[in-house]
Amino acid sequence: GNSVTQMEGPVTLSEEAFLTINCTYTATGYPSLFWYVQYPGEGLQLLLKATKADDKGSNKGFEATYRKETTSFHLEKGSVQVSDSAVYFCALSRAGGYQKVTFGTGTKLQVIP
Amino acid sequence: EAQVTQNPRYLITVTGKKLTVTCSQNMNHEYMSWYRQDPGLGLRQIYYSMNVEVTDKGDVPEGYKVSRKEKRNFPLILESPSPNQTSLYFCASSIQGETDTQYFGPGTRLTVL
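Chains as they are written, first to last, in our numbering: chain A, 249 to 361; chain B, 2 to 114.
One thing to keep in mind: the hints can contain errors.
[As the list claims (entries may be wrong)] Each pair of labels, with its calculated beta carbon distance range:
#  : chain 1 : residue 1 : chain 2 : residue 2 : range
1  : A       : T268      : B       : N8        : 36 to 44 Å
2  : A       : K300      : B       : S83       : 36 to 44 Å
3  : A       : N270      : B       : S83       : 32 to 40 Å
4  : B       : E2        : A       : A301      : 45 to 53 Å
5  : A       : G257      : B       : I78       : 30 to 38 Å
6  : A       : K300      : B       : V55       : 23 to 31 Å
7  : A       : Y287      : B       : P84       : 35 to 43 Å
8  : B       : L89       : A       : P361      : 23 to 31 Å
9  : A       : K316      : B       : S81       : 30 to 38 Å
10 : B       : V53       : A       : P258      : 37 to 45 Å
11 : B       : R45       : A       : S327      : 46 to 54 Å
12 : B       : K70       : A       : G309      : 40 to 48 Å
[Unchecked claim] Below 30 Å or equal to it, Euclidean Cα-Cα: the simulated DSSO-like pairs (lysine-lysine) are:
#  : chain 1 : residue 1 : chain 2 : residue 2
13 : B       : K58       : A       : K300
14 : B       : K72       : A       : K348
15 : B       : K58       : A       : K348
16 : B       : K70       : A       : K348
[Said to hold, decoys possible] With the Cβ distance kept under 10 Å, some of the chain A side facing chain B (calculated, not the full set):
#  : residue
17 : Q254
18 : Q286
19 : T350
20 : G352
21 : T353
22 : L357
23 : Q358
Everything labelled a hint here was simulated from the structure, so no lab data went into it. Heads up, the beta-carbon is just placed ideally off N, CA and C, and yes, glycines get one too.
Isolated chain A (complex conformation):
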């Protein structure tokens, strides 16, 4: 079946540091890939997505590229801020039919001033 594996957290970075959160997936067909963010005490919200190979999703300075050859969708940001502290979830949506979404376990990011 489909699965998503993302790096263990928590990740602690200083403000303005470079961020990478790794995500790899296993899926049949050609899934769509997502990064969701969960701020403390809130529900998840979509951060970015990519629907086909080599697509790059971007939002709020975050980027991720759909790499079919390595089945990866790593999240990056060039300069993190304290306000980026949150839990980040990688997810995939299977192709065709109902878009059942499979989530990774989440990576907690803490940015310190």
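Chain A is fixed; fit chain B onto it per the hints.
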């Protein structure tokens, strides 16, 4: 304002006492889902619904029931709660299609004693 609402936000109950968590969306979305979030396990889908009167099991449906009598509402029912159902629950909705964004509610933290 487009939103998904859940009630209650916090609930402490005892084993065996039936409870219902309500979910409502005002975006006329066809699809709705329930997830539970547990440490180290990420989000797991409990049930989903593709439209009124159409529901199906997700990955962890045991001990839960749902109904979809109206398009906007998708309540989650625990007929006889047990301590292993202590968790953080999220409702989500989305429009039809395989790459659509899911909109999440704020979550319900349930404790079963």
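Evaluated hints:
Checked against the hint of 36 to 44 Å, the C-beta distance between T268 of chain A and N8 of chain B comes to roughly 38 Å, which is consistent with it. Checked against the hint of 36 to 44 Å, the C-beta distance between K300 of chain A and S83 of chain B comes to roughly 43 Å, which is consistent with it. Here the CB-CB span from N270 of chain A to S83 of chain B is close to 36 Å, well matched to the stated 32 to 40 Å. Checked against the hint of 45 to 53 Å, the pair E2 of chain B and A301 of chain A fails, with Cβ atoms roughly 36 Å apart.
A hinted range of 30 to 38 Å for the beta carbons of G257 of chain A and I78 of chain B is consistent with their spacing of about 33 Å. At roughly 29 Å, the beta carbons of K300 of chain A and V55 of chain B sit within the given window of 23 to 31 Å. The hinted window of 35 to 43 Å between Y287 of chain A and P84 of chain B is violated, with their beta carbons roughly 28 Å apart. Roughly 28 Å separates the CB atoms of L89 of chain B and P361 of chain A, a value that falls within the hinted 23 to 31 Å.
The hint said 30 to 38 Å for the Cβ distance between K316 of chain A and S81 of chain B, and at roughly 45 Å that hint is violated. Taken as a hint, the range 37 to 45 Å holds for the pair V53 of chain B and P258 of chain A, whose Cβ atoms sit roughly 42 Å apart. Between R45 of chain B and S327 of chain A the beta carbons are some 34 Å apart, a value that contradicts the proposed interval 46 to 54 Å. Separated by about 43 Å at the C-beta atoms, K70 of chain B and G309 of chain A satisfy the suggested range of 40 to 48 Å.
Taking the CA atoms of K58 of chain B and K300 of chain A, the gap is near 28 Å; set against the 30 Å cutoff, the hint holds. About 19 Å separates the Cα atoms of K72 of chain B and K348 of chain A, which keeps this hinted pair within 30 Å; it holds. Taking the CA atoms of K58 of chain B and K348 of chain A, the gap is near 11 Å; set against the 30 Å cutoff, the hint holds. Taking the CA atoms of K70 of chain B and K348 of chain A, the gap is near 21 Å; set against the 30 Å cutoff, the hint holds.
Using the Cβ-Cβ criterion of 10 Å, the hint placing Q254 of chain A at the interface with chain B is satisfied: the shortest such distance is roughly 9 Å. Restraint check, Q286 of chain A versus chain B: the minimum CB separation of about 8 Å is within 10 Å; hint holds. Satisfaction of the interface hint for T350 of chain A is found here, the shortest Cβ-Cβ separation to chain B being roughly 8 Å, below the 10 Å cut-off. With its C-beta approaching chain B no nearer than about 6 Å, G352 of chain A sits inside the 10 Å limit, and its interface hint holds.
For T353 of chain A, the suggested interface contact is upheld, since its CB lies about 4 Å from the closest CB of chain B, less than 10 Å. Residue-level restraint check for L357 of chain A is violated (minimum Cβ-Cβ distance to chain B is 15 Å; threshold 10 Å). Hint on Q358 of chain A is violated. Least Cβ distance to chain B is approximately 16 Å, over the 10 Å limit.
When the structure is compared with the earlier hints, violations turn up for hints 4, 7, 9, 11, 22, 23 and for no others.
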